[in-house]
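S.K.: Residue-level listing of the chains:
4 protein chains.
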Amino acid sequence: MFGSTFGNIFKITTWGESHGAGIGVVIDGCPAGLPLCEEDIQAYLDRRKPGQSRYTTQRKESDRVEILSGVFEGKTTGTPISLIVANTDQRSHDYSEIANYYRPGHADRNYDVKYGFRDYRGGGRSSGRETIGRVAAGAVAAKILRELGVEVCAYTLSIGPVSINRDLFDFEEIQNNALFMPDAAAAKEASAYLEKCMSEKNSAGGMIECKITGVPAGIGEPVFEKLNANLGKAILSIGAVKSFEIGDGIRVASSDGLHNNDAYRMDNEGNVWKKTNHSGGITGGLSDGTPIIIRAAFKPTPSIASIQESVTRSGEELDISIKGRHDPIIVPRAVVVVESMAALTILDSMLASMTSRIDRIKTFFEKL
Amino acid sequence: MFGSTFGNIFKITTWGESHGAGIGVVIDGCPAGLPLCEEDIQAYLDRRKPGQSRYTTQRKESDRVEILSGVFEGKTTGTPISLIVANTDQRSHDYSEIANYYRPGHADRNYDVKYGFRDYRGGGRSSGRETIGRVAAGAVAAKILRELGVEVCAYTLSIGPVSINRDLFDFEEIQNNALFMPDAAAAKEASAYLEKCMSEKNSAGGMIECKITGVPAGIGEPVFEKLNANLGKAILSIGAVKSFEIGDGIRVASSDGLHNNDAYRMDNEGNVWKKTNHSGGITGGLSDGTPIIIRAAFKPTPSIASIQESVTRSGEELDISIKGRHDPIIVPRAVVVVESMAALTILDSMLASMTSRIDRIKTFFEKL
Amino acid sequence: MFGSTFGNIFKITTWGESHGAGIGVVIDGCPAGLPLCEEDIQAYLDRRKPGQSRYTTQRKESDRVEILSGVFEGKTTGTPISLIVANTDQRSHDYSEIANYYRPGHADRNYDVKYGFRDYRGGGRSSGRETIGRVAAGAVAAKILRELGVEVCAYTLSIGPVSINRDLFDFEEIQNNALFMPDAAAAKEASAYLEKCMSEKNSAGGMIECKITGVPAGIGEPVFEKLNANLGKAILSIGAVKSFEIGDGIRVASSDGLHNNDAYRMDNEGNVWKKTNHSGGITGGLSDGTPIIIRAAFKPTPSIASIQESVTRSGEELDISIKGRHDPIIVPRAVVVVESMAALTILDSMLASMTSRIDRIKTFFEKL
Amino acid sequence: MFGSTFGNIFKITTWGESHGAGIGVVIDGCPAGLPLCEEDIQAYLDRRKPGQSRYTTQRKESDRVEILSGVFEGKTTGTPISLIVANTDQRSHDYSEIANYYRPGHADRNYDVKYGFRDYRGGGRSSGRETIGRVAAGAVAAKILRELGVEVCAYTLSIGPVSINRDLFDFEEIQNNALFMPDAAAAKEASAYLEKCMSEKNSAGGMIECKITGVPAGIGEPVFEKLNANLGKAILSIGAVKSFEIGDGIRVASSDGLHNNDAYRMDNEGNVWKKTNHSGGITGGLSDGTPIIIRAAFKPTPSIASIQESVTRSGEELDISIKGRHDPIIVPRAVVVVESMAALTILDSMLASMTSRIDRIKTFFEKL
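Residue numbers (numbering that gives the first Met the number 0), protein chains in the order written: chain A, 0 to 367; chain B, 0 to 367; chain C, 0 to 367; chain D, 0 to 367.
The hints are simulated quantities; they were obtained by calculation from the structure and are not laboratory data.
Computed from a predicted model, the values in this text were never measured in an experiment.
A hint or two may mislead.
Given that identical chains are not distinguished, each listed pair holds provided it fits within a single copy or across any two copies.
Claimed, not checked - In silico DSSO-like cross-links for lysine-lysine, where the CA-CA straight-line distance does not exceed 30 Å:
hint	residue 1	residue 2
1	Lys142	Lys273
2	Lys187	Lys48
3	Lys74	Lys366
4	Lys48	Lys210
5	Lys274	Lys210
Model the full assembly from the supplied sequences, consistent with the hints where possible.
M.R.: Here it is as structure tokens:
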């Protein structure tokens, strides 16, 4: 597999399986001089940690991050930052049973076909624990973005049939409920729905939205490296994502030019502004200075306790029921993963944009 | 801009503006020995050519492709294939007017902010003509894929409010109507809707679906280079795309595990098959051997003759109305662009997958 | 072949064979706002043009460059710059004879083995004409470097047994003689040696040195992207180069620490300087602000009129004698190629270095 | 720094400083199914370990490697292989003194200029310990190459003024002496020379040669990814290397075509062979099936106990004398580093060559 590296300038490489020694990430290209400590990263990891609510697996995963390189006297040195989270709670015996059959909705069979065999313990590399590397690196990217005036905030838009009421959107509320919904009433309703799913040995899907503010206009590269295309790849690379939207997204298909175009006006300070933001902050692949809005649909947790039809490696049909401790929904723990992937993409694109003009390059080197 | 290269092994680099000397693409990494002539490529370009129906601009663009390198005695040599399409019908005066103001829904302002100035003639690099390079390269990728038993087929799913009836889906019909819809009745209805849009100086959006068959299981790389993530980036890099879906896409958010998981069974030949294909042929980022189904939403053509609010480079507000010849809808001409980007992505991923197993690598070199 | 792209930020992709329609290069990542015209590039191409002295082939190659994209109103737009040089003087019949046997010292057989067949006309892609793309792009890189205060100058150090006298080094002289030697006497002596080679149907090798001044300290990236490593790859990628040195180069093997270390002192302006420059301006892979000195050995032209032993594709031994018009030495025409590859490498490394510090990144974005 | 990744398909990313928690490497793209254990890697690390002779520092570095991921049930899984070597013998106080001045011949000052400050403990990232990551990954690459019939062997050619006698070249002898010289007499003489260097508080340079056999013809990519260019970059990226040669290397500059060209003949089995190998196994950037011969010059260890002139960060001149335990020569411990970088480059190029022909690609996928 050579798919474990993401980014061109702020480049990360993740490694690790569900039941190996641990999960890690190497950040190459982090600028020097950034104050960084393990707490900066731990705060993000704690948001994806299981066992925080009854809707996330009760596995005890301490998930403590350790900085192995790249930081000296509290600041990044410009050399690779190696981060590791040891795997502690490993009950391989829980998984021995699935070694021989293919779990529906999982990548088990695809791995066997591609590699000839697989690490069946907890899904190995295809486990959700793989996202630990994304979040650890995303925490560093987000800290740099804050220094540059950019904020990235993701939240739960819907769980199963329960959606938030946009008229009641409350940013403060996001951190108040275990589902990270910006609408207390919807969170309550969604909780009830999840109880029902659990009692029926079933699972639920949901939708996450991410709002990015403070990105200057002109970020992204035309044609193949459009900012929306890279955000799309980043989010679609998260395990359970099946759709990606920007701005009005899928609704533009049934809209018309008069309503979909964002009209330009001047504000009192003499700055250009848009009367609407159907575009979601990006047009022609370049940011326009307005908030960037993206959305992703997450499929229901494939591991369910109900009876399912499957086959074995050797080709026998059988009925299975997944044992073990599994979230009835992926969404709440995925919120910080979406934030992390968005932060990594935006930072990498901003750094890439520094060479777009000869006059700015000249100024940069004259000042050295 | 360093965003004009796509692909890692079958790597393409496009160039050219709407009103420069021409549009071109360099294909680096095309395997040697492939029979290739200009007709192979022209057939694809003709599908995106304007002036084919009254729903596409009446501009006369001959768009003839010329092979400048990489083919000797009718076969690819393994060296870069340089393809060029000369720009013929250039009426710069049509565009001089828009030099000073920013067209709503276009990237005009973002280019000015990013680069300090822009080639305002027909949108320059951000023009839809940029897709000529994608389609020319996509035609070569698609020809290789056919040699490998892979077929890529895109079609129009909806235009404005008019969607096809899946029960009447007819592959033969796709090439029979100017809108490339697999449903004659829907095509007729959509045509009437487009007439209305044009009479109202408005434009329409729509949805394109693409079905890819024959891809072996195990294509794609885990984590960041998932096949669906790369397909997403490829499609989202097409100018007007605002959403990308795979399989059930956005519908998985409101589904549940029991219904969304694809159960495995054995067929009479002793092969594994899936009772359903909610996943759209990819799980865990790897193909599973079933048809790959992707969808994209295209926004309405931003260039409309109706009055719109805009601003000038120097900051004056004004009301504008876009002159010139513009499609009332992007979708029909974008169908072959979607096919091309999908073909480029699938081929590149298949070539990358050749090194996944040591036993296959040994066999390969032993046979040399 | 996917080896036709060079550079990460200022990225070039070359294409074309000796006897195809032409040779070209696409520059992706050129900053916007650079004044650029065809004369800027032609001046460099003219330095590698044949027929300028009796020591270069008398083939008439006009080699006129044409800018096809990326420049608007005399300035680069930030979009890909496509440059083409049409092949004019094509006498394929001159080459038909070599279609069946393998020229010693050439890549003929290696291409046949790798690709299954080859474009035998003038060596196809392995022809020296391939360097036209490097020089055209190098001219643009060099123009940008001059804007940043960086000068790149290459010259001939030796031809066969004739070396320059460093005590008589004269920069002015470089452009005064057809061999680009900074020593008139050595140039005269070398000319006599070349006459002898020609009369004996033989060819000569030689050495080129390149001096790069004005590069700020700290350019290059530690470990694998050391500036000297990238300069080495750039120069070693030129057809006939068999060695690369930096600073004292090969002589350091027999030196000792006391003599090889460059001592630091302070000058009257309070700046650090080095008493010597054995390192050639780079230590630890990073520039130190002193002149960068690199050297390369070029093998003798493999195409000679003398009788040589060879074999045919089908495996018969035969004695051959290369017909046609060939330089008795590669070096003089390669001087500008070395300059171009050095310029491309230095520029790309300087652009990459802009993201090395968080404080500089903050300043950059605050000023937008 | 984003220079810590090497390779395109078999891609490695190294991390770690001299005095951090440890040194590590992540291998992404290792094919699945390769039997791999820590002993395979330890054997290579032991060859670069210090304290093996009196000519290498007496620091006790156990340098035990640990496999953290990517191996399951004794075989590689195709997922990233994370390798770590803990830093044990860390005497930071030894280095505190050099925090304020710049060691001649070291990168201290360049790091300060580039990053604004540096990890001064033992050179931080610029320490020779960085090569642990290269060797650990190189051991894996070499094991794969052996499965493919490729052998990579490096040895010491010269130390200071003492060179081996090629007529007495003895492969068996390489592992018999602490200097890894294939000539016992030369090794004895070189040892005496090193004694002298040490007694004079001085250090020595030297030359390493590497011979690679079993590489099939046609490996490497024309133009910028020539096999010799990538080997050059790989070797020149090793800290103290100041020159790189292939085949006759620097000697070609004074040679002539008649003598430098390698003539082709047929052997009794009807295979093509070359009467000589001046080219060093590569022509036109592609391997020709004969042994690949490369050489590199290593500068003398810059850390010497003699008095040297230097300056402080704040600009005062001072005379220094490097304390601590330092090798009087880098060469012996660098032999395995050269082998490792060569192995990584050859393997990556071989994997890349698998897609050069359409017929081979078709055969590959038909057999799945």
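S.K.: If a hint holds in the structure, say so; if it doesn't, say that too.
M.R.: Each hint, compared with the structure:
1. Lys142 with Lys273: Within. Shortest intra-copy distance 29 Å satisfies the 30 Å Cα cut-off; inter-copy 39 Å does not.
2. Lys187 with Lys48: Within one copy, since 21 Å is at most 30 Å while 54 Å is not.
3. Lys74 with Lys366: both (23 Å within a copy, 24 Å between copies)
4. Lys48 with Lys210: within (22 Å within a copy, 38 Å between copies)
5. Lys274 with Lys210: Close inside one copy (18 Å), not across copies (38 Å); limit 30 Å.
The structure shown violates none of the earlier numbered hints.
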